[in-house]
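**Student:** Residues per chain, in single letters:
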Amino acid sequence: MIGGNMSRWTMTYFAAALTWLLAALALMAAGIGHPATDLAAPDTLVLVHVICIGWLSTAMCGALFQFVPVLVARPLFSERLTLPALGLLTAGLIALLAGFMALGGRLPSGPWLLPLGAVLLVAGFGLVILDLGLTAWLRPTGPARFVLVGLASLCATVTFGAVFAFALAGWAGPVGDAVLARGIPLHAIAGLGGWLTLTAMGVSYRLLSMFMLAPDVEDRQSRLTLAAGGLAVAATVGGGAFAVGVAMRLNAVLSVAALLGLTCAALYGRDLAGIFRNRKRRELELNMRMAILSFASLAGTAVLGIALVSIGTLPLHLGAFAFLTVFGWLSGLVLAKLYKIVAFLTWLETYGPVMGRAATPRVQDLAAEQRATKWFAIYYLAVWAGTLALLAGEPSAFRIAAAAMTVGVFGIIHEIIRIRRLEDVASPLRLPAGAVAPHLLFAKT
Amino acid sequence: MTAYLDVDVRPILRAGGEPFSVIMAAIERLEKGQGLRLYATFKPVPLFAVMADKGFAHSASAMEGGEWEVLFTPAAAKPAQVAAPSNGFDFGAWPDPRVKLDNRDLEPPEPMVRILAAADKLGPGETLSALLRREPVFLFPQLEKRGFRWLGGFTTDGATYELTVRAPS
Numbered sequence: 001m002i003g004g005n006m007s008r009w010t011m012t013y014f015a016a017a018l019t020w021l022l023a024a025l026a027l028m029a030a031g032i033g034h035p036a037t038d039l040a041a042p043d044t045l046v047l048v049h050v051i052c053i054g055w056l057s058t059a060m061c062g063a064l065f066q067f068v069p070v071l072v073a074r075p076l077f078s079e080r081l082t083l084p085a086l087g088l089l090t091a092g093l094i095a096l097l098a099g100f101m102a103l104g105g106r107l108p109s110g111p112w113l114l115p116l117g118a119v120l121l122v123a124g125f126g127l128v129i130l131d132l133g134l135t136a137w138l139r140p141t142g143p144a145r146f147v148l149v150g151l152a153s154l155c156a157t158v159t160f161g162a163v164f165a166f167a168l169a170g171w172a173g174p175v176g177d178a179v180l181a182r183g184i185p186l187h188a189i190a191g192l193g194g195w196l197t198l199t200a201m202g203v204s205y206r207l208l209s210m211f212m213l214a215p216d217v218e219d220r221q222s223r224l225t226l227a228a229g230g231l232a233v234a235a236t237v238g239g240g241a242f243a244v245g246v247a248m249r250l251n252a253v254l255s256v257a258a259l260l261g262l263t264c265a266a267l268y269g270r271d272l273a274g275i276f277r278n279r280k281r282r283e284l285e286l287n288m289r290m291a292i293l294s295f296a297s298l299a300g301t302a303v304l305g306i307a308l309v310s311i312g313t314l315p316l317h318l319g320a321f322a323f324l325t326v327f328g329w330l331s332g333l334v335l336a337k338l339y340k341i342v343a344f345l346t347w348l349e350t351y352g353p354v355m356g357r358a359a360t361p362r363v364q365d366l367a368a369e370q371r372a373t374k375w376f377a378i379y380y381l382a383v384w385a386g387t388l389a390l391l392a393g394e395p396s397a398f399r400i401a402a403a404a405m406t407v408g409v410f411g412i413i414h415e416i417i418r419i420r421r422l423e424d425v426a427s428p429l430r431l432p433a434g435a436v437a438p439h440l441l442f443a444k445t
Numbered sequence: 001m002t003a004y005l006d007v008d009v010r011p012i013l014r015a016g017g018e019p020f021s022v023i024m025a026a027i028e029r030l031e032k033g034q035g036l037r038l039y040a041t042f043k044p045v046p047l048f049a050v051m052a053d054k055g056f057a058h059s060a061s062a063m064e065g066g067e068w069e070v071l072f073t074p075a076a077a078k079p080a081q082v083a084a085p086s087n088g089f090d091f092g093a094w095p096d097p098r099v100k101l102d103n104r105d106l107e108p109p110e111p112m113v114r115i116l117a118a119a120d121k122l123g124p125g126e127t128l129s130a131l132l133r134r135e136p137v138f139l140f141p142q143l144e145k146r147g148f149r150w151l152g153g154f155t156t157d158g159a160t161y162e163l164t165v166r167a168p169s
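Protein chains in written order, with this note's numbering: chain A, 1 to 445; chain B, 1 to 169.
Chain B extracted, bound-state conformation (with noise of 0.2 angstroms):
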């Protein structure tokens, strides 16, 4: 059975905050296999990479009210690589992704072509989502010069990088 730490951002996010660094800092006092509950007033998308990252695993479930209980499972594996969040994280609530792409099996420059496509297509603070083979580190220039903010990070099993985009708002 996991043990789970009990963390409510509730009255942070109410209050208007950034609970981010919250959220880390509980992280970082975690012991061994132990998980995190997390309780929020909308479901925390951008949180889910950043967590897979750190070799977690989510399940989010809705509770009343609109708000959110997600239970972030450690994961056998190990973490892949630290998430490359856009600068400045922004807790905002990101709405599910309006477009999902898998990119997994086109040819560079295919991936960056499409997801830039796509995105250019969002309407604002719409995301969209794509999977890729590798850490797109030449797309994310790209999507700064147009305004758009991202966050991504390898799953659990390292072979799947996996991207949002949000558009300005």
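Extracted from the complex, chain A is given alone in its bound form (with noise of 0.2 angstroms):
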């Protein structure tokens, strides 16, 4: 079997990072966590954590079973571990939460639970990596390359993450102690930058080209981009473990990652100028519209980066440039593109049997862009207002941006299960005979 079969649980996946996203929108606009707390305290820990491993890790993972066989044109190394991964997920953030909110005093003290939690963490991530990895491995053309770079940035992420709980938990020693005081910034750029965001440019390569009918960036343009961002997270693990090793200062090393990074941004931003202008489809959908919002804002933290570090403020808003990174960026077109992608696979799971033999609807048909454009817009536009409220120090401001958030995600959601539902397709077509309705959980062929 080759790269195109569905991937049973990928809407499981889904579902349960959207559920986490929801939840990390109710802290915001709680206003529990960051900005209401210091960056490091153990309420902002929780809210982080909800949002990277709870939301954009478990979407990434659900996405990557589905589309990296389609990258490398070879069936997933094993289906079977995709399922078992995501319960070792869900438990391990469970207990690292929980261990958060016992150092913050909200639960009852428990040494114990962080170590837990980052076991669970690394035993799931750990079936992930092997799955993905033993797959993309044996067939690395472009975009596969992308994957590879992110999973070994997700070993890295995974690897401080843990030392940090045995730390916390006290059992980590002298040596952990100090990874500890200094690696937090590597942590955090191993896993947005390297994990989240080299994993993201990789798929929406063969994504956008796929939706749009472009031909695919050509391999020799898309390995310098990603050569750019793979030494930026080499630069930033690498250098920084060796500083924290003879207790240098880490600004020479963030310095360097930053300008690496920078220019896999840019370089980034050429090859998707190239894919759109080389589309045939001139039309652009729902999804791509909305993407674009998505790519101007990674555009905009690269300019509020640099914004920030020449006035000399970056370490002051640093929450307000992480912010926009993960909402703006990565939750933007992780949203966008789980809408084409419930569609795509709903429509390929329903029709594919009768396709041919019945007449079957379109895959546009199967949604309602202009009702779902709404949502989208609120999304957006309520990201960017968090972000100056943000900056500006307005908390009050900023849960209600939260809450703006919140309407404009459950719309989404909405739609999305309609999508699911196959509510919006017009009743001759819906259900050919043959054709079988799909389940909202799962995929049942």
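Calculated from the structure, these hints are not laboratory results. All C-beta atoms in this analysis are idealised placements derived from N, C-alpha and C, irrespective of residue type, glycine included. Hints are not guaranteed to be accurate.
Partner residues aside, some chain A positions facing chain B, computed with beta carbon under 10 angstroms [as the list claims (entries may be wrong)]:
| hint | residue |
| --- | --- |
| 1 | Pro69 |
| 2 | Val70 |
| 3 | Gly126 |
| 4 | Ser209 |
| 5 | Met210 |
| 6 | Asp216 |
| 7 | Lys280 |
| 8 | Trp347 |
| 9 | Leu348 |
| 10 | Met355 |
| 11 | Gly356 |
| 12 | Thr360 |
| 13 | Arg362 |
Label pairs and their calculated CB-CB ranges [unchecked claim]:
| hint | chain 1 | residue 1 | chain 2 | residue 2 | range |
| --- | --- | --- | --- | --- | --- |
| 14 | B | Ser59 | A | Leu259 | 51 to 61 angstroms |
| 15 | A | Ala299 | B | Ser21 | 45 to 55 angstroms |
| 16 | B | Asp157 | A | Met248 | 49 to 59 angstroms |
| 17 | A | Ala299 | B | Glu31 | 26 to 36 angstroms |
| 18 | B | Pro168 | A | Ala433 | 15 to 25 angstroms |
| 19 | A | Gly238 | B | Asp6 | 51 to 61 angstroms |
| 20 | B | Asp6 | A | Arg430 | 53 to 63 angstroms |
| 21 | B | Asp6 | A | Gln221 | 37 to 47 angstroms |
| 22 | A | Ala247 | B | Thr160 | 53 to 63 angstroms |
| 23 | A | Leu130 | B | Glu31 | 32 to 42 angstroms |
| 24 | A | Leu224 | B | Lys145 | 32 to 42 angstroms |
Quick one: dock chain against chain with the hints and give me the complex.
**Tutor:** If you want it as structure tokens, here you go:
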């Protein structure tokens, strides 16, 4: 079998991820975590990990189990590992969050909670890395290389995180304490920059050219983009670990990494412009128009980063910078692509068996783009307003923005459920003889 | 002048064997710029796409008794991608396609729908060929579920995907 099969649990991953996203938005709207508390406070750690592991990593893993086989035109190494991986990740995240809440005094003290969470998360991400790594390794063409570098970054992120968890429990000795004291930026950059951003870039190359009918970006060209991004992560992790080891300041390492990261973002922008220019399908679907807003946010983070560094206030506004990266760039892209991916997979699952034998709707007929546009618009406007509120130091304005983001996300989730239930397909085409209505949470075929 | 390595798979075919691995082994042995001259008992249509992927252009000429001589000449352009033959390469005689589809300028999912509709109308063992812009990875499982075999690959210019689908015989 070749890579175009349905991955059975992708919808389950998406559902779990969206649930965590709602939880994160509820925390922000309620004023729990940054900016109401310090950037390093336990409440902020809860919020950050709900977002990065629960929402973004879970959604990314679900998408990768479906699309890495497509990138390499090979079946997934093992479909059977995907559901246990989700179970371990979810259990690990819950234990980790409980550990942070115990640190903050919201739960009774339980020093074993953080190490337990770390062990479960290492096991869950380990299965993901094993499954996807072995799949991509067989035919590492352009976009698949991004995934491999992303998985390597995930290894680094998880390793740092596990050391932190053991150090917070007091079980990691003086070396662990030294890593905990200085290594947090390295953990964050490897996770947000290496794992989430490089992987999102890699998958977007193939998805964008597939959905817009554009020729693939030349390997030579995308390899340069990847080299800049990969070097940025390698410089951060390798140089950073060295600096921590010899008790040197991290500034030099982080400056080099930032320059390489900016180069990577600029080269990615050039690659994207090429895809948009060479596309055969002139009219842009909703998911593309919304993806453009997330690319604009990525460019915005680059500009904001440069501005904050040049006036010397990056440490003060790190929260605003991270917020725009996470919600403007990564979450925006994931939401826009989820909208399309769910429609596409649902269409394939429902109508694949009868295609060519009975009249079937088009993928676009499963979605009601006009209605969905307003939810996306609310979401992006709220994200940008939230960034400004953080920069201006206005926590109440930020909570209003978070509430508006929640409204937008609720709307998007409602649209996605309607797609999954075929509610917008006109009735004569909806379920031709032989087609099977899909289940909301997993693929039947 | 291109030098050619001669490979005669007619004895293997007459004995009912599978010459694919022999041909692939011969390709491994080729020196840079060298071509392959293949003798077969039929026109090996499915092989053309595989060889195009490896960067070889083909020219086939009929010999006496229905046998074929095919010249595979290395093209200047680099091969775009490796072919994706369906599991278990079946080197049985694939007839010339009964239907030819040019789906390059259609919007998805029209290419997939048209190929599946045309494939369902093929008689036992018949083939169809289709030109596409992309490797149709989501079509393959559908073909497989319906019992079809296929062979495909990008042509040497890297812009057109050539797919041959064969109905179960």
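**Student:** Can the hint on glycine 126 of chain A be confirmed by a CB-to-CB distance to chain B that is less than 10 angstroms?
**Tutor:** Check failed: Cβ of glycine 126 of chain A comes no nearer than 28 angstroms to chain B, outside 10 angstroms.
**Student:** Given the hint of 51 to 61 angstroms, check if glycine 238 of chain A and aspartate 6 of chain B actually sit that far apart at their C-beta atoms.
**Tutor:** Since the Cβ atoms of glycine 238 of chain A and aspartate 6 of chain B sit about 53 angstroms apart, the hinted range of 51 to 61 angstroms holds.
**Student:** Falls inside 15 to 25 angstroms, the C-beta gap from proline 168 of chain B to alanine 433 of chain A?
**Tutor:** Given range 15 to 25 angstroms: holds, Cβ gap about 23 angstroms.
**Student:** Holds or violated: valine 70 of chain A as interface residue toward chain B, Cβ cutoff 10 angstroms?
**Tutor:** holds, 5 angstroms
**Student:** With 10 angstroms as the cut and Cβ atoms as the points, is tryptophan 347 of chain A at the interface with chain B?
**Tutor:** Tryptophan 347 of chain A check passes; min Cβ-Cβ to chain B is 7 angstroms, inside 10 angstroms.
**Student:** Return holds or violated for the Cβ distance of aspartate 157 of chain B and methionine 248 of chain A against the range 49 to 59 angstroms.
**Tutor:** holds, 53 angstroms
**Student:** Using the C-beta atoms of alanine 299 of chain A and glutamate 31 of chain B, is the stated range 26 to 36 angstroms upheld?
**Tutor:** violated, 49 angstroms
**Student:** When the nearest CB of chain B is found for serine 209 of chain A, is that gap smaller than 10 angstroms?
**Tutor:** Holds, about 8 angstroms.
**Student:** How about lysine 280 of chain A: closest beta carbon in chain B under 10 angstroms, or not?
**Tutor:** holds, 7 angstroms
**Student:** Is the hinted range of 53 to 63 angstroms satisfied by the C-beta distance from alanine 247 of chain A to threonine 160 of chain B?
**Tutor:** holds, 59 angstroms
**Student:** When the nearest CB of chain B is found for proline 69 of chain A, is that gap smaller than 10 angstroms?
**Tutor:** Given a least distance of 8 angstroms, the restraint on proline 69 of chain A holds.
**Student:** Close enough to count: is the Cβ of glycine 356 of chain A nearer than 10 angstroms to one in chain B?
**Tutor:** Because about 3 angstroms separates glycine 356 of chain A from the closest Cβ in chain B, which is inside the 10 angstroms limit, the hint holds.
In this structure, the hints that do not hold are numbers 3, 17, in rising order.
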